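Trainee: Below are the chains, spelled out letter by letter.
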Amino acid sequence: MPAYRLPHIPASEITPRDIYMSRRNFMGAAAAAGLAFAGADSAFAAPLTANPSPYKLDEKLTPKEAVTTYNNFYEFGVNKDDPAANSGDFKPTPWSVKVDGMVGKPKDFGLDELMKMNLEERTYRMRCVEGWSMVIPWIGFPLSAILDQVEPLGSAKYVSFETVVRPEEMPGQKGFFQPLPWPYIEGLRLDEARHPLAILAVGLYGETLPNPNGAPIRLVVPWKYGFKSIKSIVRISLVEKQPETTWKNANAREYGFYSNVNPAVDHPRWSQATEQRIGEGGFFGANRRPTLPFNGYADQVASLYDGLDLKANY
Amino acid sequence: MASLPALPRRYHKASVWALYVIGLCPAAWYFYLGLTGGLGFNPVKEFEHQLGIWALRFIIATLGITPLRDLAGINWIRYRRALGLIAFYYVLLHFSVYVSLDLGFNFGAVGGDIAKRPYITIGFACLLMLIPLAVTSNNWSIRKLAQGWNRLHRLIYLIAAGGALHYVLAVKSVTLVPFIHIALIALLIAYRAVRRPVMNWKRGNGKSAKPAASQRARQNG
Chain C
45 MPAYRLPHIP
55 ASEITPRDIY
65 MSRRNFMGAA
75 AAAGLAFAGA
85 DSAFAAPLTA
95 NPSPYKLDEK
105 LTPKEAVTTY
115 NNFYEFGVNK
125 DDPAANSGDF
135 KPTPWSVKVD
145 GMVGKPKDFG
155 LDELMKMNLE
165 ERTYRMRCVE
175 GWSMVIPWIG
185 FPLSAILDQV
195 EPLGSAKYVS
205 FETVVRPEEM
215 PGQKGFFQPL
225 PWPYIEGLRL
235 DEARHPLAIL
245 AVGLYGETLP
255 NPNGAPIRLV
265 VPWKYGFKSI
275 KSIVRISLVE
285 KQPETTWKNA
295 NAREYGFYSN
305 VNPAVDHPRW
315 SQATEQRIGE
325 GGFFGANRRP
335 TLPFNGYADQ
345 VASLYDGLDL
355 KANY
Chain D
17 MASLPALPRR
27 YHKASVWALY
37 VIGLCPAAWY
47 FYLGLTGGLG
57 FNPVKEFEHQ
67 LGIWALRFII
77 ATLGITPLRD
87 LAGINWIRYR
97 RALGLIAFYY
107 VLLHFSVYVS
117 LDLGFNFGAV
127 GGDIAKRPYI
137 TIGFACLLML
147 IPLAVTSNNW
157 SIRKLAQGWN
167 RLHRLIYLIA
177 AGGALHYVLA
187 VKSVTLVPFI
197 HIALIALLIA
207 YRAVRRPVMN
217 WKRGNGKSAK
227 PAASQRARQN
237 G
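From first to last, the protein sequence lines are chains C and D. Read in order, the letters of the first sequence are residues 45 to 358 in this note's numbering. Read in order, the letters of the second sequence are residues 17 to 237 in this note's numbering.
Worth flagging that the hints you see were computed from the coordinates, not collected in a lab. This one's a predicted model, so the numbers in the text were calculated from it and none came from an experiment. In this text, a Cβ means the ideal position worked out from N, Cα and C, and glycines have one as well. Accuracy of the hints is not assured; some may be wrong.
[Stated by the list, open to error] Below, a list of computed lysine to any residue pairs in the SDA-like style, where the Cα atoms sit at most 25 Å apart:
id: 1; chain 1: D; residue 1: 188; chain 2: C; residue 2: 226
id: 2; chain 1: C; residue 1: 135; chain 2: C; residue 2: 147
id: 3; chain 1: C; residue 1: 355; chain 2: D; residue 2: 191
id: 4; chain 1: C; residue 1: 355; chain 2: C; residue 2: 174
id: 5; chain 1: C; residue 1: 218; chain 2: D; residue 2: 118
id: 6; chain 1: C; residue 1: 151; chain 2: C; residue 2: 209
id: 7; chain 1: D; residue 1: 132; chain 2: C; residue 2: 174
id: 8; chain 1: C; residue 1: 135; chain 2: C; residue 2: 213
id: 9; chain 1: D; residue 1: 188; chain 2: C; residue 2: 113
id: 10; chain 1: D; residue 1: 132; chain 2: C; residue 2: 173
id: 11; chain 1: D; residue 1: 188; chain 2: C; residue 2: 343
id: 12; chain 1: C; residue 1: 355; chain 2: D; residue 2: 128
id: 13; chain 1: C; residue 1: 160; chain 2: C; residue 2: 174
id: 14; chain 1: D; residue 1: 188; chain 2: C; residue 2: 318
id: 15; chain 1: D; residue 1: 132; chain 2: C; residue 2: 314
id: 16; chain 1: C; residue 1: 218; chain 2: D; residue 2: 199
id: 17; chain 1: C; residue 1: 104; chain 2: D; residue 2: 118
[Said to hold, decoys possible] Residues from chain C that keep clear of chain D, each with C-beta distances beyond 10 Å, as calculated:
id: 18; residue: 137
id: 19; residue: 279
id: 20; residue: 358
Can you make the complete structure from the sequences, with help from the hints?
Mentor: In C-alpha cells:
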C-alpha cells in the first residue's frame, strides 16, 4: 500500500482555541440541557465526549435540528422527515459489527469496544448527490483503526459495507413499493478506506448518533456524495473485486462506484455545480454556493485518483 | 345510475368561483408555511415540489370529468375549465418558483437545465403547451375555433403524459405517492382509448335492458 501523507490543513481552516473552547462550553451546557429530556427526541442519543481534532472548518455548523430531521435514510421512508418520524422503534443497542473477508483476523466488534476507540470530534462538510449540503460535527474514529486490527491480506483491494435489515424496526424495509433492495450496500477502494479522512462515526453534536443519522455506527467519507456514507453498519468485508453498491445497482448510469463530489461532472438529471446549504438562506434568500471538487478536500484526497479519469469513473 | 343531489342552477356560477378559491388554497397555504418556517429545512424545494404535485392533481381532476359523467352519470363539466386553468396556474407557479426562489433568476442555469436535463425539457414543453389551452379557454375562443377547439384541447393528454414523465424522472425512486399519481394519469388517458366501446356497450345494455323490463311489465300486467 502507498504511504499516506498527513492531510494538509491550511492555517485559515483551524479554528482559534478560544472560539472552539467557548463552543465546547456551549456544547457542554447544551448536552446537560439535553439530558433533562433525554429520550424525548432522537432515541438513544446520549452525551458523548471526544477529543478535539485538527479537522475543523471555518464554516457555520448546520443546526442540530436540521442535521437530525432532514435525512435520506430510505430504510425509514423516502421523505426527508421520514427517518426522524419513523425511527423511534429502532434499537441501536445491543450491536456488533462483523469484520471479515480477506483478513488475517476476522472479528466481531461489539458496540462497547467501538465506543472505546480513540474518539475525535471532526467537523466535515456533507454534500448530498441531490444538491444540498451540511456542516456536521461528527464524533468518530478513523476506519483504518479497525482495518488495522483485522490485518487485511495482500489480496484485499476493496472494502464492502452492509446496513442492518430489520423490517420490524425499519418501516421502509417492509410493505409494497420498497424503493431499494435490502440490505443497503456500499464500498470503497481499500486505499480510500484507509485514508485518514474516512471515519466511522458514532456520534454528532456531542451525543451518540441519533437513529435518523445511522445509529449506532456509520461511515463518513466527506469527499464523496452522502449516499456513500452508509448508515447502521453491521458488516464490513475486505474483498478482492470492486463490490456492488446499492445506488449503482439501482441506476448505474447515474450513480457510479466512486461518486466523488465533482462539480464538473453533472448527474445526468441535474447539475452538480452548486449546492444549497441546509438551514441557511430561508425562503427568499436561497443562496446556492459553488460545489468544490472533492467537496473541498482535494488537497487531502486528490492524489488517491492520480491517473484516473474522473469523468469516466464518476 | 348514481346521482348526486343537483346543485340549483342559480348557484352554478358561484360554485365555479368557489372552486377557483379552494383550488388555489394549497398554494397559499404552502406559501404561508414557507414564510413562517413550516416547510422544513429546504423550504424552496419543498414549495416547488408541492406546487408541481398539485398541478398534476388538477390535471388528474380535469381528465376525470369525462369518465365521471360517462360512468357515474355525474355531470361536472361546468368545473372542467376552472380545473384546467388552476392546473395551468400551478404549473406556472411551479416554474416561477424554480426560476426565482430556487435558481435566483440565473437564466443561464435555467436555459442550461431546459436544454440538458430531459425531465426539465419535458416539464418546460408541457408549460408551453398549456399556454394555448389557457389562452383559448374562454367562450369566445370555443365558438370561434369550433371543431378546432376540440382538436387543440386534446393536447391535454400529451401534457398529462408529459407531466407524469417529468415526475417519474425527477424522483430518485418511484414510491407509492408518485406511483398513484402516475397510475391515475395513465388510467385516465387509457380510458380515452376504450371510451367509445365502453359507451357503445353501455348504450347497448340500456337498449336491451329496457325492452326486457317492459316485457316483464307486460307479463305482469
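Trainee: It remains to establish, for every hint, whether it holds in the given structure.
Mentor: Outcome of the hint check:
{"no.": "1", "hint": "188/D x 226/C", "in the structure": "16 Å, holds"}
{"no.": "2", "hint": "135/C x 147/C", "in the structure": "29 Å, violated"}
{"no.": "3", "hint": "355/C x 191/D", "in the structure": "30 Å, violated"}
{"no.": "4", "hint": "355/C x 174/C", "in the structure": "18 Å, holds"}
{"no.": "5", "hint": "218/C x 118/D", "in the structure": "34 Å, violated"}
{"no.": "6", "hint": "151/C x 209/C", "in the structure": "20 Å, holds"}
{"no.": "7", "hint": "132/D x 174/C", "in the structure": "17 Å, holds"}
{"no.": "8", "hint": "135/C x 213/C", "in the structure": "8 Å, holds"}
{"no.": "9", "hint": "188/D x 113/C", "in the structure": "19 Å, holds"}
{"no.": "10", "hint": "132/D x 173/C", "in the structure": "18 Å, holds"}
{"no.": "11", "hint": "188/D x 343/C", "in the structure": "31 Å, violated"}
{"no.": "12", "hint": "355/C x 128/D", "in the structure": "19 Å, holds"}
{"no.": "13", "hint": "160/C x 174/C", "in the structure": "35 Å, violated"}
{"no.": "14", "hint": "188/D x 318/C", "in the structure": "19 Å, holds"}
{"no.": "15", "hint": "132/D x 314/C", "in the structure": "9 Å, holds"}
{"no.": "16", "hint": "218/C x 199/D", "in the structure": "22 Å, holds"}
{"no.": "17", "hint": "104/C x 118/D", "in the structure": "21 Å, holds"}
{"no.": "18", "hint": "137", "in the structure": "28 Å, holds"}
{"no.": "19", "hint": "279", "in the structure": "24 Å, holds"}
{"no.": "20", "hint": "358", "in the structure": "16 Å, holds"}
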